[in-house]
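With the hints as extra help, turn the sequences into a complete structure.
The primary structure of each chain is shown beneath.
Protein chains: 4
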Amino acid sequence: MSERPVVCARAGDLALLMGTDRRWQIVRLEPGQTVHTHRGVLAHDDLIGRPWGSRVVSHTGYRFLLLRPSLHDLILRLKRTTQIVYPKEAGYILLKMNIGPGSRVVEAGTGSGGLTAVLAHAVRPDGRVYSYEVRPEMQQLARRNLERLGLADVVEFKERDIAQGFDEVGVEAVFLDLPTPWEYLEQAHAALVNGGYLGSILPTANQVTRLLEALDSPRWGLVEVEEILLRPYKAVAARFRPEDRMVAHTGFLIFARALVGDGAPEEELQPAEEVEEGGEEEEL
Amino acid sequence: MSERPVVCARAGDLALLMGTDRRWQIVRLEPGQTVHTHRGVLAHDDLIGRPWGSRVVSHTGYRFLLLRPSLHDLILRLKRTTQIVYPKEAGYILLKMNIGPGSRVVEAGTGSGGLTAVLAHAVRPDGRVYSYEVRPEMQQLARRNLERLGLADVVEFKERDIAQGFDEVGVEAVFLDLPTPWEYLEQAHAALVNGGYLGSILPTANQVTRLLEALDSPRWGLVEVEEILLRPYKAVAARFRPEDRMVAHTGFLIFARALVGDGAPEEELQPAEEVEEGGEEEEL
Amino acid sequence: MSERPVVCARAGDLALLMGTDRRWQIVRLEPGQTVHTHRGVLAHDDLIGRPWGSRVVSHTGYRFLLLRPSLHDLILRLKRTTQIVYPKEAGYILLKMNIGPGSRVVEAGTGSGGLTAVLAHAVRPDGRVYSYEVRPEMQQLARRNLERLGLADVVEFKERDIAQGFDEVGVEAVFLDLPTPWEYLEQAHAALVNGGYLGSILPTANQVTRLLEALDSPRWGLVEVEEILLRPYKAVAARFRPEDRMVAHTGFLIFARALVGDGAPEEELQPAEEVEEGGEEEEL
Amino acid sequence: MSERPVVCARAGDLALLMGTDRRWQIVRLEPGQTVHTHRGVLAHDDLIGRPWGSRVVSHTGYRFLLLRPSLHDLILRLKRTTQIVYPKEAGYILLKMNIGPGSRVVEAGTGSGGLTAVLAHAVRPDGRVYSYEVRPEMQQLARRNLERLGLADVVEFKERDIAQGFDEVGVEAVFLDLPTPWEYLEQAHAALVNGGYLGSILPTANQVTRLLEALDSPRWGLVEVEEILLRPYKAVAARFRPEDRMVAHTGFLIFARALVGDGAPEEELQPAEEVEEGGEEEEL
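Going line by line, the protein sequences match chains Z, E, D and B.
Read in this note's numbering, the first sequence has 73 at position 73, and its numbers run on one by one without any break.
For any residue, its number in this note's numbering is found by taking its place in the second sequence, counting from 1, and adding 1000.
For any residue, its number in this note's numbering is found by taking its place in the third sequence, counting from 1, and adding 2000.
For any residue, its number in this note's numbering is found by taking its place in the fourth sequence, counting from 1, and adding 3000.
Simulated from the structure, these hints should not be mistaken for laboratory data.
One thing to keep in mind: the hints can contain errors.
[Unchecked claim] Here are a few chain B residues that sit away from chain Z, every Cβ distance over 12 angstroms (derived from the structure):
1. Asp3153
2. Glu3183
3. Thr3209
4. Val3223
5. Val3247
[What the hints assert, rightly or not] If you anchor each label on the Cβ, the simulated ranges turn out as follows:
6. D:Asp2021 / Z:Ala238: 50 to 56 angstroms
7. D:Gly2040 / E:Thr1081: 33 to 39 angstroms
8. E:Asp1013 / Z:Gln83: 36 to 42 angstroms
9. B:Arg3239 / E:Asp1167: 52 to 58 angstroms
10. B:Asp3161 / Z:Asp46: 53 to 59 angstroms
11. D:Arg2219 / Z:Arg28: 57 to 63 angstroms
12. B:Ala3043 / Z:Glu183: 38 to 44 angstroms
13. B:Ala3011 / Z:Thr60: 53 to 59 angstroms
[Unchecked claim] To be clear about the criterion: a stretch of chain E counts as covered by chain Z if any three or more of its residues have a C-beta under 8 angstroms from a C-beta of chain Z, and this derived list gives those stretches:
14. 1133–1143
15. 1228–1234
Note that CB positions come from ideal geometry on N, CA and C, so glycine has one too.
This is the structure in structure tokens:
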């Protein structure tokens, strides 16, 4: 065990400081700087060169853990002016829409770049995220966020009203993170490879029903609506229990697949009422 | 729109056939074969060469969508003899443990290979999954599953009792998917880079409290327990509502970080009782 | 302890037989009869005269607990042709609508009588439940159900289309358990005492939004929508955990209060967006 | 509609004032007094004689609804020094333990009297609640709370350590609302009628498993653990959605039935693992 290499925090790294009270913050380490926490001050120079996973102490004697932040942590602390897609949804979106290394994905709008970062992280090094946003100041912010995370190189930011359509064709996935996705289904379909994945996240039931109406078309199939709930627990061995309060709602996730051909006359299409959970596992 | 390339199902591809009643199955397309569905028979030769996203019809006239399966779909249908980690948890694990292209991850046990597949898919092309399993027949099955998914090349399968320890040092993440993770914390710590991620999934509260007791040590920090719930909805515009029944429990997720140094005397360590949700977003 | 009176099952009583596998049924004890369970036959004469809480054995040697059924148990096993209001909602409705001994309550429609039974049980002996139903065969069934439960004496069944209005005025609570409650708000308001409670339960979000639109009027106030989820656990000390599956949705509960006067011009009415949870407890 | 009687607030009544921002408070109306809200002052004399369900205005012009508080509202605002049993659980407890008009119920400890109030309200006028509490100042507070609610007449308060046992025998239900219910099972069994209901509420999984161990005895049967979750929604027709945050945990509910006889040798008792939801409804 003793011979394993020890990795240390370096100037330029992002560092997470977690107090024993679980309050935390993220800083970029720069020689000569200081970080002001809720429990005293630490000098960056005392952090640079320290092994990740060390305990460090502020000038008031309060103890912090020095950790390399995960993408999960970084997204929760992204500078933002909009609601972000939370990690609990972002991770599920990746699997559900089959996004991984090499994927080509269109996203609109960019917003503060939270989901953009997750997508960019997942498609590296050969994939590509095309991220559309009509508000220049938003895209500016997102671009800066992605640059700080070192993920900007796989993202193409496009400041554009997507009513005009996307530049790309044949992408595997289009995610519409905007309030009126039903207005852009035509454009999304045009960008998607046949059989490709559409995704969206919407806060209200009213928006979901409008999107479901628009997706009730021979051009779309396998429409699903799901919600992801994250229930945190008190991590105390002698008093294990759910936390008193939780985030109860972020949004409804909607997924669909782009179909080809005219499909059937609509009356033949059976509504998705009687969802059967798929049968048995099988030798693929 | 018309000029976009159309991608078609080819011999050797895995194909998902989704009935209008939402029952589905996955087959590998092979010339001359037939697939027997719950609603009639289809010839593979009628599927090979068809565009993905097409509607196809069985000999009884029942309609199916022909879709390329996502990793999500494939995992749910993996041939298995053990409980698998579900996509709702697997996606979250990726983000929480910072796993992406290039990551080196240790997993034990392999089980049927469901999580192995998600990890392998995420770390490609340059990362590596080291997957330990003591039961030869399980690892055999997992190996075959991963080969069929085309993901075996980034996985090193090791048939081994991990009580002896892992071969690797300095990996970013260790995931313990076995019933008694508290017995292997020493080994996990030895494999992890300092500050690295430990994860586990356990079905019962009793197991969680035992693991929390074992993690209550200066060698581990930032211990968290969380549960992910997936609530499915009826995707019908005129009658939008949650499904009547849902999977209510798969497991509790436990995460921790490997620390360095002796830490403080234990009485100084404040329990994780008063979890504060991190304050404001920040310019990183 | 030994001197306490022992209460025994008598002819005419309803009895719950719970197998050790948790399968259960309810029978009315009648001399000379037999009950056929999923695990053998028992003679009623062997049950009559046995203390409640005894263990009894079928002819195949399978053990059952002999218990007096609770109202909760009875409602779950009510003969029914419609969806019933579940106990998890029914108990909450009582508290939320302030229904207790002596209350006068209007209900429409009667349905199979599940909620009628809970209301009748709660308002005894001096209260009254007025239960409206337009389908004669439904009311017939409900009446028989209530008689069997010994609760019919506080219920007035009315076979009537409530579009014509209710006979009662000044009741404390009106519960609309029918698919289009927004059509009967006028009638409900006319029956309620000023300040009285309106309640409804609806399965779909579409119905809820229609009802909310109709309740957005100076005649109604304090509109609330809530959902009650019941999560069952495995009651095993060594493997305590949530059950694998659960009932995920029965309905949305909607509550409102009947107001008097014209109210304010609508633009003054602030939407219920920013719900503050009430402040501190107080000396009443 | 016009001829219905109008009921007005009178001196001595408890009144709920609900602001259009949903902040609310409860006051007892007394001539000559004033109530200070978060949005200005109202004179009690302006409220006395006003119809319930009226709109009233503070001196700053802010509008409030004048409503008679429900038991639900009163409990949430009970003066308290302990955690209370919430209405979402209290209503379910009533049904599950078959408590209604005429029931005789033992409760320990009294705490601030929240559940005591719900029980007292439900058993009136002929039932009885025997409420034990070892801390004199708690029982004092609860007694005052119940008196203010006008529910004290059906409650017998007993300042006593229940390790000595309960005075009552043959009661239908015993509810243990204290941190170590496993210590008092003997006493509870002695107080219960054979077949009677035991209930408890506990915040942590550790407590639940200890209670389950103690209940794993031939003297107890039909042990169940359940959790009730209340999900609030934004009651806005055009933007219907779950609230952002919710109370995620109050406690686990545990129920059991008191059995008679020695029961079977323990090895015959099948664990409650394979809970079957009861089959079909039946003609009782």
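Verification of the hints:
1. Asp3153: At roughly 35 angstroms from the nearest Cβ of chain Z, Asp3153 of chain B sits farther out than 12 angstroms, so the non-interface label holds.
2. Glu3183: The claim holds: Glu3183 of chain B sits with its nearest Cβ about 18 angstroms from chain Z, beyond 12 angstroms.
3. Thr3209: It is violated; Thr3209 of chain B is separated from chain Z by about 10 angstroms at its closest Cβ, not greater than 12 angstroms.
4. Val3223: 20 angstroms, holds
5. Val3247: For Val3247 of chain B, whose nearest Cβ neighbour in chain Z is about 6 angstroms away, the distance does not exceed 12 angstroms, so it is violated.
6. D:Asp2021 / Z:Ala238: 50 to 56 angstroms: 34 angstroms, violated
7. D:Gly2040 / E:Thr1081: 33 to 39 angstroms: 35 angstroms, holds
8. E:Asp1013 / Z:Gln83: 36 to 42 angstroms: 38 angstroms, holds
9. B:Arg3239 / E:Asp1167: 52 to 58 angstroms: 55 angstroms, holds
10. B:Asp3161 / Z:Asp46: 53 to 59 angstroms: Check passed, 55 angstroms falls within 53 to 59 angstroms.
11. D:Arg2219 / Z:Arg28: 57 to 63 angstroms: Holds - the Cβ-Cβ distance for Arg2219 of chain D and Arg28 of chain Z, about 58 angstroms, lies within 57 to 63 angstroms.
12. B:Ala3043 / Z:Glu183: 38 to 44 angstroms: 54 angstroms, violated
13. B:Ala3011 / Z:Thr60: 53 to 59 angstroms: 57 angstroms, holds
14. 1133–1143: This one is violated; 0 residues, fewer than the three required, reach chain Z with a Cβ under 8 angstroms.
15. 1228–1234: Coverage by chain Z holds for the stretch 1228–1234 of chain E (7 residues, Cβ < 8 angstroms).
Hint violations for this structure: numbers 3, 5, 6, 12 and 14, all remaining hints satisfied.
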